[in-house]
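Chemist: Given the sequences, and given the hints that come with them, work out the whole structure.
Those protein sequences? They're chains W and H, same order as listed. The first sequence begins at 1 in my numbering and counts up one residue at a time. The second sequence begins at 1 in my numbering and counts up one residue at a time.
The set of hints was computed from the structure by calculation and includes no laboratory data. Some hints could be false.
Claimed, not checked - Each computed SDA-like pair below joins lysine to any residue, with the alpha-carbon atoms no more than 25 angstroms apart: (1) Lys28(W) with Lys164(H); (2) Lys164(H) with Ile242(W); (3) Lys216(W) with Ser241(W); (4) Lys204(W) with Tyr105(W); (5) Lys146(H) with Tyr105(W).
Quick caveat, the model's predicted, so the values are computed rather than measured.
Protein chains: 2
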Amino acid sequence: MTDTRDIGTIAGVREMQDFSNGLRGEGKTIAFVPTMGALHDGHLSLMREGKKHGDVLIASVFVNPAQFGRNDDFNSYTRDTDGDLKKMTAAGVDIAFFPRSDEIYPPGYETYVDVTELGKPLCGRFRPGHFRGVATVVLKLFNIVKPHAAVFGEKDYQQLQIIKKMVSDLNLEVEIIGMPIVREESGLAMSSRNSYLSPEEREKAAYLSLALRQIKKRFDGGERDTSTLVKEGYVVLGGGSIGEVDYLEIRDGATLRDKALAAPGDVAALAVRIGSARLIDNTVL
Amino acid sequence: MTDTRDIGTIAGVREMQDFSNGLRGEGKTIAFVPTMGALHDGHLSLMREGKKHGDVLIASVFVNPAQFGRNDDFNSYTRDTDGDLKKMTAAGVDIAFFPRSDEIYPPGYETYVDVTELGKPLCGRFRPGHFRGVATVVLKLFNIVKPHAAVFGEKDYQQLQIIKKMVSDLNLEVEIIGMPIVREESGLAMSSRNSYLSPEEREKAAYLSLALRQIKKRFDGGERDTSTLVKEGYVVLGGGSIGEVDYLEIRDGATLRDKALAAPGDVAALAVRIGSARLIDNTVL
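Modeler: The structure is reproduced here in structure tokens:
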């Protein structure tokens, strides 16, 4: 695939469903990458992986109002349709789905999906309603795009676990594939929100991944006490002096329950506010 | 169809999904009637209608724990698998799906669907969590049985509106068909819970439909004031002396919002506790 070929674009929900029904009627498999646009190399790695999991690769761009809180960055979130289309074309996407917000949430919309326990800790404590909005829009997109497989990034680790749980609990026949975090040279996890950072803030932001690496290093060296490991992470974060730390925690990698003793497969996760950006990162121990 | 032919039975979720995927792969359409068993003529009317809406008719029997409250009649709810199977066979059901509770809600189950506004009034006020349980199990059953059309009774009027709204909001491609209430000669709406009634209680229960008929008669005669209409209904109920009235209300037929003035298409709905039975009934004006 080169970036000179045509990429199909669809905006209508009914048109998308008809298209996907047609593919399924022909026995074709569908791979799906849902995004909020402002695409970076992290997203593109999901799309390249998606190519391996279906005859047709569909990617969506939808900045989902239901997952933003009142004080979140919904209005300032980066929109770059032309740039996104070029990147999707280069990454091998066959159909770009750009649904309209008023068709996803028409007047009187009132149905929401909640993954009740996994949505409570970590980001759930600081962004009430966020994961309800995520689960709801992902379920809707699955019902519209009808994928056999869908690819999500592990940077949003809690989101990935919630989607896996929703798929299992609701008996959806969609294979959920998680892909490793893509990082800048400094270690900073790729994020559309990195664009909010000034050069000085970007230097501070590099300490997020350094804190997680320190925790992983001490874990690999034999330390198991989670409060000791977390304290080591806080030291790297300068006791919070690089930004306001929403959380830095070690939790079970599947259930996200907190633990006194860390074990392989657990996740160390953090969220830190630097300037106007709220950044998240994690590492699996 | 006669009641001597073989009816297929399926209990496993995976087996049901494979069977339905196979039907869809052959281009066959699926009609679905979900029930909690203890089948009566009301259910059978749904099944006979279902025959018209698909090449294959699937009916499920599942007493859904998620829609019963702590003090509800989950444990005493009538179970009659053999009787249900005979009735389903006679009604033309092709596949009877009897899922196991521990496969529908395995340990750690935690995903729920909420239709937030429609679930609040009427029965929602008296049975917290009930409609969340209904919406969740219906969504799961749709994901397992994969119907093109599904048939529900209008006796559970609020449930029917909630399911229609869920289907629309979540972009499900399932046609929802509502069927009129089937009544005994006395006017009593058919219900599995009528079996809880003593002969004396059954006589009292006949006043539920009489109250609704009186409201409809006065509405047809030109009365529009909902509080006047409701008062007339209460008179027929003997001011509540035949049982504890949870509610008797007139509401918009689609949004279930309350109204000062009734209009065609509005619904008069009631719930009354008589002995150990909580009975519901309604009529559309």
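Chemist: Hints first: check each against the structure and report whether it holds.
Modeler: How the hints compare with the structure:
no.	hint	result
1	Lys28(W) with Lys164(H)	30 angstroms, violated
2	Lys164(H) with Ile242(W)	50 angstroms, violated
3	Lys216(W) with Ser241(W)	21 angstroms, holds
4	Lys204(W) with Tyr105(W)	38 angstroms, violated
5	Lys146(H) with Tyr105(W)	24 angstroms, holds
Violated hints for the displayed structure, listed by number in ascending order: 1, 2, 4.
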